[in-house]
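A.B. asks: Spelled out from the first residue to the last, the chains are:
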Amino acid sequence: MLSKKEKKMILRIWERITPVAQDIGAEALLRMFTTAPGSKTYFSHLDISPRSPHLLSHGKKIVLALSEGATDISQLSVTLAPLQTMHAYQLRIDPSNFKHLSYCMLVTLACHLGDDFMAEAHAAMDKYLSAFAAVLALKYR
Amino acid sequence: MVEWTDFERQTIAGIFAKIDYETTGATALARCLIVYPWTQRYFGNFGNLYNAGAIKINPLIAKHGTIIVHGLDRALKNLDNIKDAYTELSVLHSDKLHVDPDNFRLFSDCLTLTLAAQMGADFNADVQAAFQKFMLVVVSALKRQYH
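Chains A and B, in that order, give the protein sequences. Under our numbering, the first residue of the first sequence carries the number 545, and numbering increases by one thereafter. Under our numbering, the first residue of the second sequence carries the number 315, and numbering increases by one thereafter.
Derived by calculation from the structure, the hints in this document are not laboratory data. Even glycine gets a Cβ: it sits at the ideal position worked out from N, Cα and C. Take every hint as true, because none was put in to throw you off.
Selected chain B positions facing chain A (in silico; Cβ < 10 Å): (1) 349; (2) 428; (3) 436.
Examples of chain B residues lying across from chain A (beta carbon under 7 Å, computed): (4) 348; (5) 431; (6) 434; (7) 439; (8) 442.
Model the full assembly from the supplied sequences, consistent with the hints where possible.
C.D. replies: Structure representation (structure tokens):
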């Protein structure tokens, strides 16, 4: 459950992050690949070395999707409908990886925002990312 | 037995050499109670936990956070046998404190986040991986004596 205050906090963070979407996204992905090596298996067709064009472009896509979702959290299942289909039928990424990426996104935000990423912001963002992941996996079965 | 690379040993030692146990411990535990409010069930007589503001300034929580982080010293000093080093603490958490071991992972995640916020860019992917591995081993050792 997200309060109005939390939704505002989440939106404000993504507004700050959007200009550096590719850097944040690429860093979160790199952290995930380093801490959960199984996640790399979904990227065998891409060059995911640090700062590679593929990593940056992919990171940007993910951050922009997270950012867009935050503009109207109550409409997540509408906003994410195409991504739901893609993940369920085409990508078929095991949803445990959503948790890994979500956590690495939190770590990335903490490293970049430092004290601004205080406990209340962390709680709100954790809830948002969990909700996002849950909606993303809805068409899986 | 857990294999540690030189990088991992140095990284972990380096992190603990630099942290301020009091601030880090207090912040990490407060974070855990705020982000995962159900963990407050174990802190019934720790005073005011009514909201995030109260938790952050609660002196009993701050003191306890420091105790927990100091508890990691044991692993630091016994990297090559963390399993046995935590037998006693594992029994304590299981038989006396009755803490669901899933909570260890939640605290560990919050501690990692706290360090990330403190260390910024220095807490890179490789450092994160080393620290997460360390916490995973400690958490596993703490779970071992549950029955």
